[in-house]
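J.: So the chains spell out like this:
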Amino acid sequence: MGERLLDVRNLSVDFHTTHGTVHAVRDVNWHLDRGETLAILGESGSGKSVSASAILNLIDMPPGEITSGEILFEGADLLTMHAEERRKLNGCRIAMIFQDPLSHLNPVYSVGFQIAETMTAHGQSKAGTRAKTIELLERVGIPNAETKVDAYPHQFSGGQRQRIMIAMALALKPDILIADEPTTALDVTVQAQILTLLEELQQETGMGLLLITHDLGVVAEIADRVVVMNSGEIVETGSASDVYHNPQHPYTKQLIAAIPGNGIMAQQLDQTAPILQIEKLSKHYGAFVALDEVSLTVLPGETVAVVGESGSGKSTLAKTVLRLQDATSGEALFEGRDLVQMDRKDLFKVRRDIQMVFQDPTQSLNPRMSIYDIISEAFVIHPEILDKQHWKARVCELLQQVGLKPDHMYRHPHQFSGGQRQRIAIARALALEPKLIVCDEAVSALDVSIQAQVMTLLKQLQDDLGISYLFIAHDLLLVRDFAHRVIVMQNGKIVEQGPVEQIFDAPREAYTRNLIAASLSPDPEIQATRRIALDELQGANP
Amino acid sequence: MLKFLGSRAIASAISLVGLILLVFFLSRLTGDPTGLYLPLDASEESRNQFREIHGLNDPLLIQFFNYLGDLVRLDFGESIRRSEPAIDVVLRGFGWTLQLAVVTMSLVVVFSIILGSLAAFHVGGVFDRIATFFSLIGASAPDFWIAIVAIVIFSVNLGWVPTSGTGTVWHWILPVSVLFIRPFGLILQIVRGSMITALSSAYVKTARAKGIKNKAIIFVHALRNALLPVITVIGDQAAALLNGAVVVETIFGFPGVGKLMIDSILQRDFTVVMAAIMLTATAIFVMNLVIDILYSILDPRIRY
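Going down the list, the protein sequences come from chains A and B. Taking numbering that gives the first Met the number 0, the leading residue of the first sequence gets 0, the next gets one more, and so forth. Taking numbering that gives the first Met the number 0, the leading residue of the second sequence gets 0, the next gets one more, and so forth.
Treat the hints with caution; some may be incorrect.
As the list claims (entries may be wrong) - In silico DSSO-like pairs for lysine-lysine, Cα to Cα no more than 27 Å straight-line:
{"id": "1", "chain 1": "A", "residue 1": "Lys172", "chain 2": "B", "residue 2": "Lys204"}
{"id": "2", "chain 1": "A", "residue 1": "Lys387", "chain 2": "A", "residue 2": "Lys252"}
{"id": "3", "chain 1": "B", "residue 1": "Lys212", "chain 2": "A", "residue 2": "Lys131"}
{"id": "4", "chain 1": "B", "residue 1": "Lys214", "chain 2": "A", "residue 2": "Lys125"}
Claimed, not checked - Just so you have them, the derived chain B footprint on chain A, three or more residues with Cβ under 8 Å:
{"id": "5", "segment": "88-97"}
{"id": "6", "segment": "316-330"}
To be verified - To give an idea of the interface, some chain A residues facing chain B are shown, with a C-beta separation under 8 Å as derived from the structure:
{"id": "7", "residue": "Ser102"}
{"id": "8", "residue": "His103"}
{"id": "9", "residue": "Leu104"}
{"id": "10", "residue": "Asn105"}
{"id": "11", "residue": "Pro106"}
{"id": "12", "residue": "Val107"}
{"id": "13", "residue": "Glu116"}
{"id": "14", "residue": "Thr117"}
{"id": "15", "residue": "Ala120"}
{"id": "16", "residue": "His121"}
{"id": "17", "residue": "Tyr151"}
{"id": "18", "residue": "His153"}
Hint data in this document are derived by calculation from the structure and do not stem from the laboratory. This one's a predicted model, so the numbers in the text were calculated from it and none came from an experiment. Ideal Cβ positions, reconstructed from N, Cα and C, are used throughout, including at glycine.
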């Protein structure tokens with residue numbers, strides 16, 4: 000490998016909060032060489048982003064405090080350097096891109112201004128920056144760069160915004176690029192494009208790439224070496240391939256075991272009367288067709304997964320089935336009765352049988368209600384389910400069913416972790432003893448190991464109670480392990496549907512093949528072959 | 000944009016008609032001005048003649064439609080008190096008020112935005128504490144009290160500035176200063192809060208990662224985003240000043256539209272009251288429109 004660019008030695012960072020001091024990073028050592036890609040892998044709260052923030056002086060102090068260590072950039076310690084000297088390095092020698100490009104780009108300035116600003120802030124004269132900006136935008140693959148240079152961030156798609164962030168970061172050809180979860184908010188196909196772009200740019204410029212991620216698939220795709228972090232400490236380092244095939248530390252082993260995509264695919268259920276039968280369901284927003292004559296069935300005890308990229312209409316489908324919004328045309332028969340035409344009274348009754356688990360449990364649980372209130376509200380609304388004297392016992396039972404403790408019922412949502420909150424959301428849905436649960440990206444906000452626990456829980460509940468799931472997700476590996484049947488959507492239409500084995504082992508449509516090829520495998524060797532397959536596919540149908 | 004302006008104009012015209020209706024009939028409820036203008040021993044004949052001249056003998060509805068008819072020709076009627084067109088009287092007063100409002104608000108905007116932004120940059124720092132302390136006092140102190148105390152100290156005791164009236168630059172200092180205090184305190188607080196949010200946002204983090212200087216981070220990146228809620232409050236405060244700072248104008252004997260309105264109501268000079276209200280209402284409508292346009296200039300995501 001090339002020369003040593005960055006050396007982080009014995010770095011410890013504390014955060015002083017009202018609940019006491021949190022040791023975010025403890026005695027961390029790692030280094031980055033020129034031309035190399037280092038991944039820092041960890042789940043939320045592992046401290047994986049903290050050392051990167053320390054490099055760019057982005058930690059707010061207070062509440063943060065760097066208690067020990069040094070960060071050597073080309074031999075000079077950044078932590079003892081004057082603030083103005085560090086500012087001159089930021090964006091010029093060391094640049095960074097972030098997870099959510101929409102919030103990380105200033106909404107009120109044109110992208111051209113924001114890219115050119117990086118150049119002028121580091122002493123380049125204003126003349127010529129526009130031409131350079133257009134050149135950069137072209138390099139990162141923004142079409143019509145000459146006109147788009149004056150557009151604002153909200154006028155681009157998510158993938159384009161990340162390309163713009165990359166253009167901004169690379170404006171001054173930095174020696175180090177730090178990418179903090181650069182593809183987490185993006186669709187799989189867009190993720191593949193962005194990772195390819197990063198690899199190409201690295202080869203062009205020879206920069207060192209520091210990638211912070213929670214996704215072993217991303218590590219397999221792009222990293223040379225990987226540092227695994229857990230609760231502020233490095234538990235394992237090694238080459239991407241070594242760490243995947245020979246994990247030493249129990250945490251790493253557990254992390255790899257939790258990754259979906261290696262289970263046995265479920266067999267198709269025997270044909271019975273469907274619990275939900277959707278016929279030519281459409282939803283138009285003005286001239287925009289969000290849902291275009293979608294037809295599907297869900298059997299009792301079956302999991303039907305709906306996959307597709309953002310904008311494919313999968314969430315619209317969920318909302319329309321639940322009558323959170325009205326369909327434009329078509330019908331959705333639940334046990335033979337049409338949900339679309341149902342009047343309020345019948346709908347109220349049938350809502351007991353169809354429940355929903357949303358993506359973000361932080362937002363979908365009322366922060367001012369205790370867990371008991373949240374779950375027992377079901378009985379307030381539907382008093383025929385249970386007499387009041389039994390409510391407490393039933394809430395206890397439900398909490399145990401989702402793996403929480405009965406005394407958790409007196410707490411409030413903010414006292415739980417993300418995974419626990421999603422369990423509460425599931426317990427709330429179960430309180431009504433539903434026959435069908437619609438899960439809209441129900442586990443995508445959770446860490447892999449928590450995700451695995453919640454998925455096991457959902458599976459268990461299906462086996463015990465015979466619940467059907469309409470499972471909306473973008474994560475194909477997850478779907479592969481969990482679904483009986485898969486429906487692939489694009490632009491509001493169903494492009495392909497079938498048993499899970501057929502979709503994953505013998506997809507018929509090019510779109511499905513593309514989607515599967517673009518999803519990342521955590522195994523670096525498999526990922527390398529998959530990558531070649533994807534390149535061929537895209538060569539075949541560009 | 001044009002469509003938006005048009006629909007806003009129509010909406011404002013409708014509310015203006017409602018306002019005319021309300022003010023016309025409410026002011027008639029205060030009583031007949033005849034008694035105020037003619038001597039106590041005036042004959043019934045001359046009283047009738049006075050009513051005839053000013054159209055006060057007609058039924059109220061007829062008076063109203065006559066008034067509307069004149070209004071369409073932009074004729075606001077004669078002032079009963081001053082025997083000159085009501086609109087001239089009002090425009091004179093409004094001129095003074097407009098100057099007072101523009102001078103005061105310009106100072107408020109400049110100082111509150113700069114000081115509020117700097118206070119937000121180091122939350123809890125010495126500068127922030129001082130700015131917060133004084134702005135809270137400013138935002139909560141009653142201006143009539145400050146006005147009187149200021150006259151006692153600076154005019155009566157120290158003799159630095161005149162107590163009231165207009166004429167020289169010195170006459171402006173006290174009214175402007177007193178009117179400045181409350182909106183300054185309020186807007187500084189809002190700028191500070193809004194800037195704290197903006198400075199902790201993700202795009203400011205990006206700017207820091209890009210190596211942008213602190214001055215540009217505050218005044219380029221954060222401020223433009225933070226200004227949106229601030230502008231709403233600025234508009235609100237400016238509207239209050241345009242309405243005529245009645246109390247302050249009265250205390251300082253400043254011949255603005257607020258003082259004129261109070262005097263005219265007491266004198267039952269209906270035409271002047273109506274004209275004053277319509278003019279200020281129109282001014283406030285125009286200002287709100289300017290604020291909407293400013294919004295869309297500051298934030299490209301807002302398009303009408």
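J.: Next step is simple, just say for each hint if it's right about the structure.
T.: Cross-check of the supplied hints:
1. Lys172/A x Lys204/B: 20 Å, holds
2. Lys387/A x Lys252/A: This hinted pair is violated, its Cα atoms lying about 46 Å apart.
3. Lys212/B x Lys131/A: This hinted pair holds, its Cα atoms lying about 22 Å apart.
4. Lys214/B x Lys125/A: Holds: Lys214/B and Lys125/A sit about 18 Å apart, inside 27 Å.
5. 88-97: As far as the segment 88-97 of chain A goes, the hint holds, because 7 residues have Cβ atoms under 8 Å from chain B.
6. 316-330: violated (count 0)
7. Ser102: The hint holds - Ser102/A has a Cβ within 8 Å of chain B, the shortest such distance being about 4 Å.
8. His103: 4 Å, holds
9. Leu104: Given a least distance of 6 Å, the restraint on Leu104/A holds.
10. Asn105: 4 Å, holds
11. Pro106: 6 Å, holds
12. Val107: Given a least distance of 5 Å, the restraint on Val107/A holds.
13. Glu116: 7 Å, holds
14. Thr117: 5 Å, holds
15. Ala120: With a minimum Cβ separation of about 5 Å from chain B (threshold 8 Å), the hint on Ala120/A holds.
16. His121: 6 Å, holds
17. Tyr151: Nearest chain B Cβ about 4 Å off; hint holds.
18. His153: Hint holds; His153/A Cβ to chain B Cβ min 5 Å, cut 8 Å.
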